[in-house]
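K.L.:
Guided by the hints, dock chains B, C and D onto chain A, whose structure is given.
Protein chains in written order, with numbering that gives the first Met the number 0: chain A, 0 to 287; chain B, 0 to 287; chain C, 0 to 287; chain D, 0 to 287.
To be clear, the hints were calculated from the coordinates, so they are not data collected in a lab.
Cβ atoms here follow ideal geometry from the backbone N, Cα and C, with glycine treated the same way.
Don't take every hint at face value.
Calculated cross-link-like contacts (lysine-lysine; reagent style DSS-like; alpha-carbon spacing at most 25 Å) [as the list claims (entries may be wrong)]:
1) A:Lys89 with A:Lys67
2) B:Lys67 with A:Lys22
3) C:Lys75 with D:Lys22
4) D:Lys146 with C:Lys22
5) A:Lys22 with A:Lys60
6) D:Lys75 with C:Lys67
7) A:Lys22 with B:Lys22
8) C:Lys60 with C:Lys22
9) C:Lys146 with C:Lys98
10) C:Lys60 with D:Lys22
11) A:Lys47 with B:Lys47
12) B:Lys22 with A:Lys75
Some chain B residues well away from chain A (every beta-carbon gap over 10 Å; in silico) [unchecked claim]:
13) Gln85
14) Leu86
15) Ser184
16) Thr252
17) Asp257
18) Arg274
4 protein chains.
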Amino acid sequence: MAKNAYDLILKVSCPDSPGLVSKIANYIASHNANLIEFTQFADSVNRKFFSRLEIDTSESKVSVDELKEGFSVLGKSIQANWHFRQLPHKTKTAILVTKTSHCLNEILWRTQEGELPIEITSVIGNREDCRELVERAGLVFHYVDFKEQGKQDAFNEISSILNAEEVNLVVLARFMQIMPEALCSQYEGRMINIHHSFLPAFIGANPYRQAYNRGVKLIGATCHYVTSDLDAGPIIEQQVHRVNHFHSVHDLTRMGRDCERAALAKGIRYHVYDRTIIDGRRAIVFSD
Amino acid sequence: MAKNAYDLILKVSCPDSPGLVSKIANYIASHNANLIEFTQFADSVNRKFFSRLEIDTSESKVSVDELKEGFSVLGKSIQANWHFRQLPHKTKTAILVTKTSHCLNEILWRTQEGELPIEITSVIGNREDCRELVERAGLVFHYVDFKEQGKQDAFNEISSILNAEEVNLVVLARFMQIMPEALCSQYEGRMINIHHSFLPAFIGANPYRQAYNRGVKLIGATCHYVTSDLDAGPIIEQQVHRVNHFHSVHDLTRMGRDCERAALAKGIRYHVYDRTIIDGRRAIVFSD
Amino acid sequence: MAKNAYDLILKVSCPDSPGLVSKIANYIASHNANLIEFTQFADSVNRKFFSRLEIDTSESKVSVDELKEGFSVLGKSIQANWHFRQLPHKTKTAILVTKTSHCLNEILWRTQEGELPIEITSVIGNREDCRELVERAGLVFHYVDFKEQGKQDAFNEISSILNAEEVNLVVLARFMQIMPEALCSQYEGRMINIHHSFLPAFIGANPYRQAYNRGVKLIGATCHYVTSDLDAGPIIEQQVHRVNHFHSVHDLTRMGRDCERAALAKGIRYHVYDRTIIDGRRAIVFSD
Amino acid sequence: MAKNAYDLILKVSCPDSPGLVSKIANYIASHNANLIEFTQFADSVNRKFFSRLEIDTSESKVSVDELKEGFSVLGKSIQANWHFRQLPHKTKTAILVTKTSHCLNEILWRTQEGELPIEITSVIGNREDCRELVERAGLVFHYVDFKEQGKQDAFNEISSILNAEEVNLVVLARFMQIMPEALCSQYEGRMINIHHSFLPAFIGANPYRQAYNRGVKLIGATCHYVTSDLDAGPIIEQQVHRVNHFHSVHDLTRMGRDCERAALAKGIRYHVYDRTIIDGRRAIVFSD
Numbered sequence: 000m001a002k003n004a005y006d007l008i009l010k011v012s013c014p015d016s017p018g019l020v021s022k023i024a025n026y027i028a029s030h031n032a033n034l035i036e037f038t039q040f041a042d043s044v045n046r047k048f049f050s051r052l053e054i055d056t057s058e059s060k061v062s063v064d065e066l067k068e069g070f071s072v073l074g075k076s077i078q079a080n081w082h083f084r085q086l087p088h089k090t091k092t093a094i095l096v097t098k099t100s101h102c103l104n105e106i107l108w109r110t111q112e113g114e115l116p117i118e119i120t121s122v123i124g125n126r127e128d129c130r131e132l133v134e135r136a137g138l139v140f141h142y143v144d145f146k147e148q149g150k151q152d153a154f155n156e157i158s159s160i161l162n163a164e165e166v167n168l169v170v171l172a173r174f175m176q177i178m179p180e181a182l183c184s185q186y187e188g189r190m191i192n193i194h195h196s197f198l199p200a201f202i203g204a205n206p207y208r209q210a211y212n213r214g215v216k217l218i219g220a221t222c223h224y225v226t227s228d229l230d231a232g233p234i235i236e237q238q239v240h241r242v243n244h245f246h247s248v249h250d251l252t253r254m255g256r257d258c259e260r261a262a263l264a265k266g267i268r269y270h271v272y273d274r275t276i277i278d279g280r281r282a283i284v285f286s287d
Numbered sequence: 000m001a002k003n004a005y006d007l008i009l010k011v012s013c014p015d016s017p018g019l020v021s022k023i024a025n026y027i028a029s030h031n032a033n034l035i036e037f038t039q040f041a042d043s044v045n046r047k048f049f050s051r052l053e054i055d056t057s058e059s060k061v062s063v064d065e066l067k068e069g070f071s072v073l074g075k076s077i078q079a080n081w082h083f084r085q086l087p088h089k090t091k092t093a094i095l096v097t098k099t100s101h102c103l104n105e106i107l108w109r110t111q112e113g114e115l116p117i118e119i120t121s122v123i124g125n126r127e128d129c130r131e132l133v134e135r136a137g138l139v140f141h142y143v144d145f146k147e148q149g150k151q152d153a154f155n156e157i158s159s160i161l162n163a164e165e166v167n168l169v170v171l172a173r174f175m176q177i178m179p180e181a182l183c184s185q186y187e188g189r190m191i192n193i194h195h196s197f198l199p200a201f202i203g204a205n206p207y208r209q210a211y212n213r214g215v216k217l218i219g220a221t222c223h224y225v226t227s228d229l230d231a232g233p234i235i236e237q238q239v240h241r242v243n244h245f246h247s248v249h250d251l252t253r254m255g256r257d258c259e260r261a262a263l264a265k266g267i268r269y270h271v272y273d274r275t276i277i278d279g280r281r282a283i284v285f286s287d
Numbered sequence: 000m001a002k003n004a005y006d007l008i009l010k011v012s013c014p015d016s017p018g019l020v021s022k023i024a025n026y027i028a029s030h031n032a033n034l035i036e037f038t039q040f041a042d043s044v045n046r047k048f049f050s051r052l053e054i055d056t057s058e059s060k061v062s063v064d065e066l067k068e069g070f071s072v073l074g075k076s077i078q079a080n081w082h083f084r085q086l087p088h089k090t091k092t093a094i095l096v097t098k099t100s101h102c103l104n105e106i107l108w109r110t111q112e113g114e115l116p117i118e119i120t121s122v123i124g125n126r127e128d129c130r131e132l133v134e135r136a137g138l139v140f141h142y143v144d145f146k147e148q149g150k151q152d153a154f155n156e157i158s159s160i161l162n163a164e165e166v167n168l169v170v171l172a173r174f175m176q177i178m179p180e181a182l183c184s185q186y187e188g189r190m191i192n193i194h195h196s197f198l199p200a201f202i203g204a205n206p207y208r209q210a211y212n213r214g215v216k217l218i219g220a221t222c223h224y225v226t227s228d229l230d231a232g233p234i235i236e237q238q239v240h241r242v243n244h245f246h247s248v249h250d251l252t253r254m255g256r257d258c259e260r261a262a263l264a265k266g267i268r269y270h271v272y273d274r275t276i277i278d279g280r281r282a283i284v285f286s287d
Numbered sequence: 000m001a002k003n004a005y006d007l008i009l010k011v012s013c014p015d016s017p018g019l020v021s022k023i024a025n026y027i028a029s030h031n032a033n034l035i036e037f038t039q040f041a042d043s044v045n046r047k048f049f050s051r052l053e054i055d056t057s058e059s060k061v062s063v064d065e066l067k068e069g070f071s072v073l074g075k076s077i078q079a080n081w082h083f084r085q086l087p088h089k090t091k092t093a094i095l096v097t098k099t100s101h102c103l104n105e106i107l108w109r110t111q112e113g114e115l116p117i118e119i120t121s122v123i124g125n126r127e128d129c130r131e132l133v134e135r136a137g138l139v140f141h142y143v144d145f146k147e148q149g150k151q152d153a154f155n156e157i158s159s160i161l162n163a164e165e166v167n168l169v170v171l172a173r174f175m176q177i178m179p180e181a182l183c184s185q186y187e188g189r190m191i192n193i194h195h196s197f198l199p200a201f202i203g204a205n206p207y208r209q210a211y212n213r214g215v216k217l218i219g220a221t222c223h224y225v226t227s228d229l230d231a232g233p234i235i236e237q238q239v240h241r242v243n244h245f246h247s248v249h250d251l252t253r254m255g256r257d258c259e260r261a262a263l264a265k266g267i268r269y270h271v272y273d274r275t276i277i278d279g280r281r282a283i284v285f286s287d
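In isolation and in its complexed conformation, chain A is listed as follows (with noise of 0.2 Å):
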């Protein structure tokens, strides 16, 4: 894909049946915008619909908006859920650390690179380790103290931070305290873990010690939506690596810190570029 040769995402799922795909090309057609990548997936199984529209609307005679309100139409007769995005977009995004900073880093790193459409509002953290980094970064750092407020006005705290900065996606890099349920359907599809394990293998604590114990061969990460239902939320993406015998627990760990970042930093670009769409417990992921 050349860069900007599209200025708008759309993202249609519905119940399946004969004559979706013409119907939504149509729609673009007729209104004057190119169709620049259409991606498509027909569950046949649960009989439903999800899809993926790239489109430039450059050469289009009736504006965004009217393309947009226009398709409630459509999207009304065919059942559907939709949602555009307009381009160039940077989603509000705040990241929520806790020591360690290889995720984090990774993050700030893909995102002064370009690679990354995201406005970080501020990092989080309920230790003070990541601070540096941040504000060397030019960033803000909000310190939240779970050990004296406990932990619910913590979690309070966080969740002003939150609304005031009107953040769109929270991203879980490394964040060692489980979301409160509020806080989980608040950003539902819109919050974003990143769990060192292979999932659903190792749930729970340590799992790099489990993984040691079990003597697997590979180790993974999982990237994953948050849920209130811990650890099983629809996976976005997961990366593994290869160890052996001798390695210790501490080798697993770091080697394990690669297989983190590669599957934050994929599972964070793919929601940002609306290549996901939730389905119960799994996601649908046009990855590129």
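P.N.:
Chains B, C and D in isolation, oriented as in the chain A frame:
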């Protein structure tokens, strides 16, 4: 994909222009056929459009022949090359071998398993080594003697066999002779080779020896369409395997066999499921 | 490794202590044998020492028997378990199957190819499906009827066959019955299974269905030693394959077969080349 | 490996002969030092022996200096090249860059994280692009102006900096100038480059463009020692990434960055942990 969800494949390539998805999808919808999968790629640099459609005609009111013939009006108007494939279909395939049997065995197994919809018309060898494996599988083995009759007559004999068997696909499964230009032309886009290196590295003879001497850390295999430009045809699939200093040329050869089997099997699969479109020196591969 | 560079393999495991490499290497050197490869692993957490030696005795003045017997003095003094293997050697191996043939075919092919130094004493099936493949390869197929005679008698029959054939290795090549404890004990460290998931994820039935439902992005297969603790034996090898939302359970099953074949073939290879040492729930694997 | 389990590394390469493991291990044992890990490779084709030892001298009665000096007797008798490295050790390292910062950022991060035991003496750039990143990290950035003073004087300036800082390792982190022969000689075996292709494919300029034009299905990056023979030095590490027809040159460049970062980080790691031995055009890499 549920099995048999579609009974017709359409491949279309043409100059890119607005509205192509809409036009093609409309054609299908207007014939009451159901579009199961629409995969498309717009090459914005060269302004070309490539697409592949899986179509279910079971509830269409017009016959498949009408559907196919009727497409010519649209096809001409968009200056397309197009190709319909009605399912179920088994591609008539000849396999050429020399001494080693691993690629041949892989194809035989996957064919028996139902993974490759091909009909093996015969196996042709310039040595007798693979005869037993072929005949055990209940297939015909032709021995073509290159030494006695010379290269030209030998290739004439091969050509006669291919013509007589009306093959639509020629697979060079580690066939250690350079194909003459006439055969390359006749089977253009229908002759697949497996090269035992990660092309374009190590063109020519003894790639594993070359790889050993160069001290590479990954070896590979490349499945490609055969053109008269040796080892330079469009690449369909590549596989790699990690190696180390302690691996001898013998080890590289052994491990490389696994790459060769996997790459060739995938390459054939993509071809016979009409997932490839040749575009000059490159192959568009709608992989699954 | 050049072929036949060594004719003796020695595996040693013992409590770790200073000077072990020196002591063992001295023993070999003092018998005029040439140490080709010395691989060693010191588990500093559990203070254990594991090693594997490839030895060339062709210029040794003492006989191999003397070399083997003489080791007992050193072996006892370092409290070692040790094992000599004289080459060439073919491990007597029985293969147990049910319906699917892909793992069996892989073993047959690699054995014919000379990659696996095993002698297949027979193939035992609780269904007739694989008989043709086995008999074509010139091998004996035993059908054991589980339905008619019941599970206990069927396993007694299998046990009798294994005893009569004096097998040293039992390979469960997608054998869909749970092995009774008595057989697990008798063939402890000599019975290898291929599990069609990336253990410890998806223990139990229908792992590909489970993987599909969970929406994982990588599927896998695990080759492990069989213990009476189902699917929890020491892991020898694991393989993974990337999958996507558009892959059905049928697709996962197909792609998983490639993981199963590769993982099982490597697992058997490591075992018969004496590259594995079981250490509780883990396997030390000196992979090549 | 538990951290700090060893405090001395010994690398030995010499002509192969019987008893080498025994002789070397005896030397260590006779000085009451504890051999933690003995890795060895006998190249049977060229009759060479390579080994790397991790040694714990904490309970040795002789000093490390005595241990090192005393080895010369054995070393000479087996015609060895050998090298001791006492730990902890930080290799004095200069990093050369041009415009892109991804490789530099990766090294900075891993150094801060404690993964790479190096002391970055300075970063030298022939453009100013990376200055900010370097200075933020509290390091010195030298800008060397190639345009104004010409290539020869510019390299003289670089040489002066390297000499003044007494660097032991030069890392070309996407430095887009060809190193002159004098510097290649001076830092032979101590200068590491990252090449943005899967060598030996796509030598020279614009490898991602070349890869795109050739339609390869995997791109890669190669970390190698620099020799005066451009892009032909001994390979330390290679990484690959799967690509598809829909990836533009821009996409290949983006995905290639991940290969480059990973391959360079591993390559430096292997070098500074004394895991590499150069053997002509190849590198023996005792990877972990």
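K.L.:
For a C-alpha distance cap of 25 Å, please report whether lysine 22 (chain A) and lysine 22 (chain B) respect it.
P.N.:
Distance of about 11 Å is within 25 Å: holds.
K.L.:
Over 10 Å from every CB of chain A: does glutamine 85 (chain B) meet that, or does the non-interface label fail?
P.N.:
Correct as stated: the minimum Cβ-Cβ distance to chain A is 19 Å, above 10 Å.
K.L.:
Does aspartate 257 (chain B) clear chain A by more than 10 Å, comparing its Cβ with all Cβ atoms of that chain?
P.N.:
holds (16 Å)
K.L.:
Can you confirm whether the C-alpha distance between lysine 60 (chain C) and lysine 22 (chain C) stays at or below 25 Å?
P.N.:
holds (20 Å)
K.L.:
Holds or violated: lysine 67 (chain B) with lysine 22 (chain A), Cα cutoff 25 Å?
P.N.:
At roughly 22 Å apart (the allowed maximum being 25 Å), lysine 22 (chain A) and lysine 67 (chain B) satisfy the hint.
K.L.:
Evaluate the condition: distance from the CB of leucine 86 (chain B) to the nearest CB of chain A exceeds 10 Å.
P.N.:
holds (16 Å)
K.L.:
Can the restraint linking lysine 22 (chain A) and lysine 60 (chain A) be considered satisfied, given a maximum Cα separation of 25 Å?
P.N.:
holds (20 Å)
K.L.:
Can the restraint linking lysine 146 (chain D) and lysine 22 (chain C) be considered satisfied, given a maximum Cα separation of 25 Å?
P.N.:
Roughly 63 Å separates the two Cα atoms, so the pair is violated.
K.L.:
For the pair supplied as a hint, lysine 89 (chain A) and lysine 67 (chain A), is the alpha-carbon distance within the 25 Å limit?
P.N.:
holds (19 Å)
K.L.:
Hint check: lysine 146 (chain C) vs lysine 98 (chain C), CA-CA at most 25 Å. Holds or violated?
P.N.:
holds (15 Å)
K.L.:
Need the status of pair lysine 75 (chain D), lysine 67 (chain C): alpha-carbon distance at most 25 Å?
P.N.:
Given pair lysine 75 (chain D), lysine 67 (chain C) is violated - Cα atoms ~33 Å apart, limit 25 Å.
K.L.:
Taking the shortest Cβ-to-Cβ distance between serine 184 (chain B) and chain A, state whether it exceeds 10 Å.
P.N.:
holds (35 Å)
Checked against the numbered hints above, the structure violates hints 4, 6, 11; every other hint is satisfied.
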